[in-house]
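**Student:** Those sequence lines, one after another, are chains A and B.
Everything in the first sequence is counted per this note's numbering, starting at 940 for the first residue and increasing by one.
Everything in the second sequence is counted per this note's numbering, starting at 196 for the first residue and increasing by one.
Derived by calculation from the structure, the hints in this document are not laboratory data.
C-beta atoms are modelled at their ideal positions from N, C-alpha and C, and glycine is treated no differently.
Just to be clear, a hint being listed does not mean it is correct.
[To be verified] The calculated label-pair distances, taken between Cβ atoms and stated as ranges, are:
1. B/S518 - A/I1103: 32 to 40 Å
2. A/P1087 - B/K609: 54 to 62 Å
3. B/T274 - A/V1008: 39 to 47 Å
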Amino acid sequence: MEFVERFKKSFNIEWVKLELLKTAYGKKETYMGQLDPRVIMIWYLIVSLLPWFTFNFVILIGLAIYTSVLALITRVSPLIIFLLAIGVIGELGYIFLVVFFMGGDFEAYASLITLTLKIIIMSIASIAAFASMDPEKLSDALLSFGVPAQFSFAVSYGYRMLPILMDEYQQIIQSFRLRGKAPEKAGFLKWKLVYYYVVIVIKAFYPMMLNTAKRTRTTVEALEVRGFSYSLHSEEAKKQKLSHLKIKGKEYQFIASSCVILTIIHVAGHLYYI
Amino acid sequence: MKPIIELNDVHFRYPGTKEHVLNGATLSIEQGEFLAVIGGNGSGKTTLCKTFNGLIPNYYTGDFSGSVMVGGADVSQATVSEMSFRVGYVYQDYENQLMRPTVLDDVSFAPLNFGDPDFMEKALWALETLGIEHLKDQSIWQLSGGQKHLAAIAGVLALDPQILIIDEPVAQLDPHHAKEIYKRLKVLQEDYGKTIIVIEHHTEFIADFCTDVLLVDQGQVLWKHPVRQGLLQIDDLLKRDIFPPQVTQAALNCDLALDAHNFPITIEDGQTYFKGLDFMKRERESESHTQEKEAIASLEDLSFSAKTLSNERKTILNKISTSFHSGERIALVGTNGAGKTSLMKCLTGMSKPTSGGGFIGEHSFKKGSLEGLSKEVSYIFQNPEEMFIQDSIKNDLTFFSHSREQDDSSFIEKLIQSFRLEEVLEKDGRLLSGGQQRRASMAIGLATNPTLLMLDEPTASLDVQSRKELIEILQDMDSVATVLVATHDMQLVAEWATRVIVMDQGEVTFDGTPREMFEYGHVWKRAGLVPPQIVQLSIELGMRPAALSVDEFTSRIKEGIPHGVC
């Protein structure tokens, strides 16, 4: 029970909130975080597409290790890794069950594993790329790729609203609990308690959305006053907004080293084909 | 000199409504004024100010007639974006006008949108002018209320407009930070020649900082006077539930032959005006009789700490030990971030103490669940909207008893009557006015029939009339439950509380009666509090102990006539 108590103490809603915020706002000083966001986005596209052109197990393992190392460098939050791990373990378990009941042999299993590995590489690459990028950079990169300004602004505004929404949501849930009543008997596997929370979590959603919607009236007006709609049609504004994006030595270094590593992985894959 | 803003017979009706909000408003404002716009609820103050920057009629395309000239240009011919170079607008809910994740990003947002190559310099200039450069790399959501407000002002200042409009600058701030904001605005007016327009009903601030006052009534401009003359139109003000500064009220109450021209409006005025008066000593209040009363809750070494973004543990509450007794009216005071809300959250079970704890009834703060503690404790959120979790006030009121399958209908009926909620029962709480929302949220909190009722900043952003109503409700509350109020409103503390707990950096630095607290200057100074004007005046006049209300002040005048009269 001691362990359960400690677990409850350190892993609660507060912790989840903090981890999400850290993922969104923290670490600008990491290696990937300092690079030009456009380079990272292109890198991400390439690395997440590469696995789909090969069935070479060595290459896939190589890519998985490469992306994992980069993800480690960017110090991804344990929460995100935990979520990813759950996904992967679930996937493997599910493959195992399917293969077992359908009477497949090792061959079938291996091919499904390959598929899983590809998905893992994509996920880790996206974690490495997006967790290191702060939302502003992401939004600027999208803008420079020609995505409409409304959309790229929505990305950065979403991040700005995230903590507010989470606070609001948490308080509404607490408001429900403050006036509600938890079931006295938890039931088999605490299902009654779980049901009680699930209902609250769903119901709390509506007041949160209504409260937030009410607040955005000011936001919409202020967007107008602060010239946002003007900037949508102004080339000059876009140019100024993106003026800080520059590809310099660091970026070239990154591009070069990525090319070298990816080539080595591919060459190694063909030499030591399993 | 040509006025910078000129309105001539302006009428306006919002689309989809029947009544005109502006009914022939005519006014002129000179450059360099520091103007306070006052008026009762729904008099059209905000709507009037929105014509200055062209939101009306260019953004709200209602029924508009009349002319608005700003800096010599006709507003109806200009776009909203063009106008924002001349007029900056800071909303009452300024948090929602901050769009970007960090301060510098947000402040440079407007110049950047207009494609200004010097956007960074302009943003830095605005931050520097307001003295908040050190915040430039902070995330918006990490800022305190006062800092956010300054950031919002910097955001409109970055376009270097001639005119700044600020809607209720101090509604959500503690008096210390409120004063800070006004001081910065004063600098903008005096040193940079800006025209500052505030919508304000705190007459103390108007007296200290503004140069002119404009009274709006039913969509018309009733008058515009220099500040002293304006604030002395007592009848006009009182009719609209605007109270003159406390020193002015004191002078009015004096029942002496008074010279209307020398009426005091600031503390300095008051000092010369009331000089030479002799005050009756006040008997020490009989030792607080709370000891005999039954203790309803006790806190023992309650500590609370939380993790910050940088993974450090920060102590928020440090070993708090005290007890609450039945029938007490407790005010919990301290600046933003002193730990008031955290303490309340620990008492409701929303946060668990990291060490120590205590009991209320049979429930432990440390081990008890939120649902268990809520039988004894009720907490009313600072933002009333967070209390509205059902689609009508009626359902919100009965939520507690329904979830417990109790029949409380007669009790609920009584609450509805005493909080005058009959008319809004079927409405969603979010659609009510500020005062109604506050009343409803209090009724909802009381519907759980608690022994300890806690309110977080109940008077923040309330207009004067609703505030008065709220205090009346609070006066009757002590027969029902022990009330704990976290507040910045020192007038509420002085006139309502029987006990004050001062918090500073997570520790209790004082626990006693309001009179004692205001007596000990070092206590409130250290905690960053600002006593009500009448208390400050009494202290300056050497009155011991200081008077807590205007009535007390005047009733204790023993002899002599105010200096200012002769």
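**Student:** Please list, smallest to largest, the hint numbers that this structure does not respect.
**Tutor:** 3
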